[in-house]
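Based on these hints, arrange chain B on the given structure of chain A.
Spelled out, the chains give:
Protein chains: 2
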Amino acid sequence: MAGMDYLADERKKAEFDVQSMKIVWAGSPEAFEVSNRISKLVADDPVFRKDERTMLPRKELFKNTLRKAAHAWKRIIELQEEASRLRFYVDEPAYTDLHWGMFIPAIKGQGTDEQQKQWLPLAYKMKIIGCYAQTELGHGSNVQGLETTATFDPRTDEFVIHSPTLTSSKWWPGGLGKISTHAVVYARLITDGEDHGVHGFIVQLRKLEDHTPLPGITVGDIGMKFGNGAYNTMDNGVLRFEHVRIPRNQMLMRVSQVTREGKYKQSDVPRQLVYGTMVYVRQTIVVDASYALSKAVCIATRYSAVRRQFGSQNGKPETQVIDYKTQQSRLFPLLASAYAFRFVGEWLKWLYTDVTQRLQANDFSTLPEAHACTAGLKSLTTTATADGIEECRKLCGGHGYLCSSGLPELFAVYVPACTYEGDNTVLLLQVARFLVKTVSQIGTGKPPVGTVSYMGRIEHLMKCRCNVQTAEDWLKPSQILEAFEARAARMSVSCAQNVSKFASPEEGFAELSADLAEAAVAHCQLIVVSKFIEKLKQEISGKGVKQQLEVLCGIYYLSLLHKYQGDFLSTGYVTPKQASLANDLLRSLYSKVRPNAIALVDSFNYSDHFLGSILGRYDGNVYPKLYAAAWKDPLNDSVLPDGYHEYVRPLLKQQVLTAKL
Amino acid sequence: MAGMDYLADERKKAEFDVQSMKIVWAGSPEAFEVSNRISKLVADDPVFRKDERTMLPRKELFKNTLRKAAHAWKRIIELQEEASRLRFYVDEPAYTDLHWGMFIPAIKGQGTDEQQKQWLPLAYKMKIIGCYAQTELGHGSNVQGLETTATFDPRTDEFVIHSPTLTSSKWWPGGLGKISTHAVVYARLITDGEDHGVHGFIVQLRKLEDHTPLPGITVGDIGMKFGNGAYNTMDNGVLRFEHVRIPRNQMLMRVSQVTREGKYKQSDVPRQLVYGTMVYVRQTIVVDASYALSKAVCIATRYSAVRRQFGSQNGKPETQVIDYKTQQSRLFPLLASAYAFRFVGEWLKWLYTDVTQRLQANDFSTLPEAHACTAGLKSLTTTATADGIEECRKLCGGHGYLCSSGLPELFAVYVPACTYEGDNTVLLLQVARFLVKTVSQIGTGKPPVGTVSYMGRIEHLMKCRCNVQTAEDWLKPSQILEAFEARAARMSVSCAQNVSKFASPEEGFAELSADLAEAAVAHCQLIVVSKFIEKLKQEISGKGVKQQLEVLCGIYYLSLLHKYQGDFLSTGYVTPKQASLANDLLRSLYSKVRPNAIALVDSFNYSDHFLGSILGRYDGNVYPKLYAAAWKDPLNDSVLPDGYHEYVRPLLKQQVLTAKL
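Protein sequences, first through last, are from chains A and B. Straight run, no breaks: the first sequence in full-length UniProt numbering ends on number 661. Straight run, no breaks: the second sequence in full-length UniProt numbering ends on number 661.
Isolated chain A (complex conformation):
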């Protein structure tokens, strides 16, 4: 970095080796090398600059995204398997995300070998551009309720794709609005009058010659979304079919088929494969949560060290905001969460590999648990990250409200993660159902596995009591795990008992759903805590690195213990005195992390380009840059604003006498 480093003193305070922590964060020396190189490549390329994004009107913004995507394509060809890192550092939602992330995987996962051979080469070369058209105007989470129909016509050997109602209009798919030439469309398969439920079909939308929509197809953008820049770089689209015909072989037929005669068949490929895909997608969302939260935390931490407020004495400068305990008690748990989510995301990668290998060996035994676990962690981490980004924005005071702080866009572009790929509340209820089922199977000889294996010790967990007598006792991993296990187990058991009191389980589930969701949260927090603790049992090299992670782990679980004190107290595992000791320890850990705070966010190795925030600048040179950025606003193009002569001058010059208002 050129110029003065205003955070140099902060960096000197660090009690650990930052380079080693960077490798821990990246996952491996190799992963660090790739990230570091590609991050620089993107930051140094003027096409990828993003500081004007929040000022551009929609059309220009979108055009600029197309430009970046075309430019990235050249790089992607060179980079090969590192291409996904490039898209990551370009940091701008684009139609290519859906093409690579949804369209191609859908064909790979659900297409036959023949279909893959036909379509994938075209897609890999981007001779066609595809999107994923599932949700409809009236149908989101409930995929089985989709209304679009695909009716087989045996006379012509075709499917007729049709939008029978307004609410059946496809709505939201990214890349659909203006760009995609093709889509994987989900529709109700109908053969000979019979409805076989929702299946996927490859449908061409636009002519390859001139990009105009094919006959029978109405397609467009659904309009502005939350935030400046943000997801408005994406052409989320609306799509209607008026009896559009496609050849029979464009139904994705790996799992089920329609024959030339119109007979519906299911192959012996297990349907559970779908869950494997879900585990994959949600695992990537958890990993992304740690990146998004860490960006916000990096910005807020650096600016909290730059910013001074109150407390000046004898003409000395005011106190750095990061030295206030209120600031620490809001910021440091988020810093700890960023690390916690990073490690649980890493573990989920392993889980996905494990599930995939088992599926290939026809072992479905761990799938329900893996599915519940990823669903729950997706919900937990995205909710915490969305809230955490907004908290970081508030922690930056008024300046966090400026687009140049980067935080408004980070929030606006992140929040859809709470809704897509499974609404977070719906997911928690799925986890809760799994937990109640697990409780009901205890003692049936089917021991709970994986992240619910603690339920196997239910008798102990129902009656044990916390042994903590001093604040330091809360540092023992076994003590913490027991506390989180006891809380989760007791809440699950209590829910299961209460559900069984209703006339039917369904009525019980419906009536108690808010409590069930809380039990699911308790279980998911236990997973994150236990994976953080497991990580610390591994060998971690570098001076002071493990010690820092231990402090962060402590902050993570103790801040949860404090925030969810009600759970721990009401389930009777912890006494108020013990909870109070945990809070004392938490406070002392804040002091331990304080001198390392800047180094801990430096360890993310984010470039100023990637952060996209003046407040989060590496060199801490915030105020001159904020001042300079202001003048770039279009309103400052001229001294007199447009409209002055029409709407302001007449006011100032008018002579009407008015009463006191």
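Just so you know, the hints here were simulated from the structure itself, not pulled from any lab data. Keep in mind that this is a model prediction, so the values were computed, not measured. Be aware that one or more of the hints could be misleading.
Any copy, or any two copies together, can satisfy a pair, since identical chains are not distinguished.
Below 20 Å or equal to it, Euclidean Cα-Cα: the simulated SDA-like pairs (lysine to any residue) are [claimed, not checked]:
1. Lys577 to Tyr564
2. Lys127 to Met462
3. Lys632 to Asp642
4. Lys117 to Thr444
Showing chain B alone in chain A's frame:
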């Protein structure tokens, strides 16, 4: 409303008289009449339409705001004292907010009679337009740390206003960037080398003839802020002074003066007047919180009744989302909060009147309590409202992310309320200091007054235990009040005791600030609960109205009791069993409010124009209107997007062979 009413069935379910509730919400029949009339007047005037606001680029957006402000001015002259309602329903931040809301009140409050006579007529007629230039690039909450200087020059009888550093640049004042001709500027008063602290000065910024900045003045807009539309209609500005001279009589001299000779004097006008102004401003913020939250709740409630998801059986339509307990447990506490904040805001109006009358009689005894109370309620209600708006957005599923839902803009325009006029965390700490002081004074013969009067019963509150034995026991107002009083009192006492264990109170306050903030929240929640209960003791007419409000009051306090269970359990007033009974009662109250939900949000009497949300439409005709709105996006102006020929077509036509990615 013309056309079909898709929510008609919901409206038929209501068990109370909506018109009577509208009057309760408005405050009086007269207030209802004015609001109703002016709301219609604004909604029917095409100049005030706002549906395109989120699509306009900054310059056009700002020009359109100037147009609205000029148009509103004509109406304001006709409407006289109803003008503030007009600005409320126009619902768009504009420079006029600062002119009427800050510049004029500052002159009224801090100017001498002579100064008022000189400046106010010009301001009332808008022959000059003013703003309020307090915060600086490096200085927000800590007003005493401002750096701008106003140095008296006795040779010319002038003040020299100067920005000595970059961080002293005025930053944020609304209306400053492009429009204001004048400002009340806060600067350190320096006479004969002595610094007398921060004082206010009237400074002309721009020439009245051609609107260009006066010599020595650098002024501009600070750039884009969070959200589409939102506060980008406002020209928040940056301002620097290079030795700008103003006549001595432009210092606001009501409280302190500088004589011709340069002598600094203080008049006998009490400085506490400043606190009176703060009480006023914060009271209006609490009232606004109830309006903002009620808008979001209205949108989310109506759309939750329109939207269906899952649960379809035998071909019947899916379940209305509002029937899910998870939806109810998130939505109905916010509905209850909107009413709770409305009533506490009403009470604060009374408090302000009371304080004003006492100040006029030189009675300052209630001022500290009133100041702490309004500071705390400002913090509590704005935090809850900002979070609540975002929660309402999530409760609308994916469509809440569209600007046409109105919720993104409502959030983005609202969140600064958590920071301006006192950062919410800083305010909580002020309340906590007041509480600790109150605790320390118990038994000194100075009985606590107003909202802390419960501290007078501290002995009882420290030892009493909850008597609840059945869920219904939690309906007793006296039981609820004791629970909230005991919790708040015990947390305050515990903080006071812990603070006293440190070497100095200052160290204790610093170290325990996170706990202190929690005690302050407990106290403020008690105020809101007790004012809701007091409201219910008043005569409330109209069939079923009082019953509905009782249900909402119950939901308000029981949802707090559940969310803050940890406080109630750790302070030992409530047992886990009693907390669980409260939760059972809460669930049953959700069922009671369910059939009345639509009518309860209709009672806000918000026009579709004011709501600005397709999801929140009165007639529930959501999907056709969402569909129609999509096509208005600029991206849909043409079939091929700008950039297609340059950046997409070359991709689709390229022939480069690439490896599998």
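Comparing the hints with the structure gives:
no.	hint	result
1	Lys577 to Tyr564	both (15 Å within a copy, 17 Å between copies)
2	Lys127 to Met462	neither (60 Å within a copy, 75 Å between copies)
3	Lys632 to Asp642	within (16 Å within a copy, 24 Å between copies)
4	Lys117 to Thr444	neither (47 Å within a copy, 88 Å between copies)
In the structure shown, a violation is registered for the earlier hints numbered 2 and 4, in ascending order.
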